[in-house]
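*Asks:* Listed here are the chains, written in short residue letters.
Protein chains: 2
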Amino acid sequence: MSTPRKTGRRPGDPAVTRTAILDAAKRVFGEAGFERATIRAIAVEANVDPALVHHHFGTKQALFAAAHEIPIDVPQLVLALAGLPKEQLAEQIVRMYLSIFGEPGSPALSLLRAAATNDPAALMLREYLESALLDNAHVLIDQPDARLRIALIGSHMIGVLFAREIVALPEIADRKIDELVPVLVPMVQRYLTDPNLVGHLPKPGIE
Amino acid sequence: MSTPRKTGRRPGDPAVTRTAILDAAKRVFGEAGFERATIRAIAVEANVDPALVHHHFGTKQALFAAAHEIPIDVPQLVLALAGLPKEQLAEQIVRMYLSIFGEPGSPALSLLRAAATNDPAALMLREYLESALLDNAHVLIDQPDARLRIALIGSHMIGVLFAREIVALPEIADRKIDELVPVLVPMVQRYLTDPNLVGHLPKPGIE
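If you're matching them up, the sequences are chains A and B in order. The numbers in the first sequence follow numbering that gives the first Met the number 0, run straight up by one, and end at 206. The numbers in the second sequence follow numbering that gives the first Met the number 0, run straight up by one, and end at 206.
There could be a bad hint or two in this list.
Said to hold, decoys possible - The list that follows gives simulated cross-link-like pairs (lysine-lysine, DSBU-like), each with its CA atoms no further than 35 angstroms apart:
1. B:K85 - A:K85
2. A:K25 - A:K175
3. B:K175 - A:K85
Claimed, not checked - Distance windows between CB atoms, simulated:
4. B:G104 - A:E102: 31 to 41 angstroms
5. B:E86 - A:E102: 37 to 47 angstroms
6. A:E102 - B:D134: 25 to 35 angstroms
7. A:G11 - B:R35: 54 to 64 angstroms
8. A:K85 - B:E34: 20 to 30 angstroms
9. A:G57 - B:D134: 44 to 54 angstroms
10. B:L51 - A:M95: 52 to 62 angstroms
11. B:D173 - A:K85: 20 to 30 angstroms
The set of hints was computed from the structure by calculation and includes no laboratory data. Heads up, the beta-carbon is just placed ideally off N, CA and C, and yes, glycines get one too.
With the hints as constraints, model all of the structure from the sequences given.
*Replies:* Printed below as a string of structure tokens:
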């Protein structure tokens, strides 16, 4: 490994090591994107052993989330949600999403803002969403179009966040989360389970 | 009015006047927001008579659209759509929206990108959407929650645009508009007409 940097951190202090890894992860993800970034490259950038990165953060998805202050590990959450009764799934998804991201200063906002104006940030967000969310769509949705369905749910949720926290449309921004949940749940439920929704998609002539 | 500027334009050339008005409109909307900007202030900034601005562009909403290269006048379009049979409305909305904005280089993208990173641009977009779209919601939707319903449709559509053109999620970005329309139409239809969708919203206890 390379020699210690002049950051003043003491090797061996776990909090300092954690911060150094998160800073390095943010830089490496930002430069290489999510796919091309490796735990090894992040460890080199942070000047620590790769085993230590695994020890502190587990997977690359979890490290990405931690570096961007996203307080959930999406693949793990998908697994947990898959254990719920199907009729509760939509409500849990909407409620968790809005609780985590639908408040002022939400960590997802800086990712959205960066993606909106900066192509490498958009690529990084796409690759993260594909790896953490879309690649696990089949765990939640037992349909051949699971990836499309999850992408549509994600689109709607991103749009609600945009309307609520960025454009601040009063109709969305001034409502409590408890008021928005029952409105959004039927839509998400439909994307999750309606067998006809996307069934006729590849053959637009068939009704 | 003030003396001509040193832009080299010849007063009296309609194309030059139009361009001067559009440039002035963009500046005034960007600085004052949509609500506080006036046709008069834009005319002063463009060094032309306010009557000429009205003559070229009609309403403030239409001038805003022209200045930001949005090729539709939303209030006029809402009136035209209101004449359609209710069961065609959702399809028309989705198809027009995706045709106009769902292609690379869409004019709405620069508004979204600016709003995402710049508070005055977000305010300007909010005020324009309120004036051009939300204030006309009752023309399309015969329900007490017409504004919320339009805001939800708008949220979903903005999210689809974000996923398609900014994040470029392949599930949304790689599909033809004709493939996305039948998937999105039932959702929009539901927001437009489902009487139960938002009916129990103010009293979450009632089912």
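*Asks:* Compare the structure with each hint and give your call.
*Replies:* Outcome of the hint check:
no. : hint                                : verdict
1   : B:K85 - A:K85                       : holds (32 angstroms)
2   : A:K25 - A:K175                      : holds (32 angstroms)
3   : B:K175 - A:K85                      : holds (31 angstroms)
4   : B:G104 - A:E102: 31 to 41 angstroms : holds (34 angstroms)
5   : B:E86 - A:E102: 37 to 47 angstroms  : holds (38 angstroms)
6   : A:E102 - B:D134: 25 to 35 angstroms : holds (28 angstroms)
7   : A:G11 - B:R35: 54 to 64 angstroms   : holds (58 angstroms)
8   : A:K85 - B:E34: 20 to 30 angstroms   : violated (46 angstroms)
9   : A:G57 - B:D134: 44 to 54 angstroms  : holds (50 angstroms)
10  : B:L51 - A:M95: 52 to 62 angstroms   : holds (54 angstroms)
11  : B:D173 - A:K85: 20 to 30 angstroms  : holds (29 angstroms)
Checked against the numbered hints above, the structure breaks only hint 8 and satisfies the rest.
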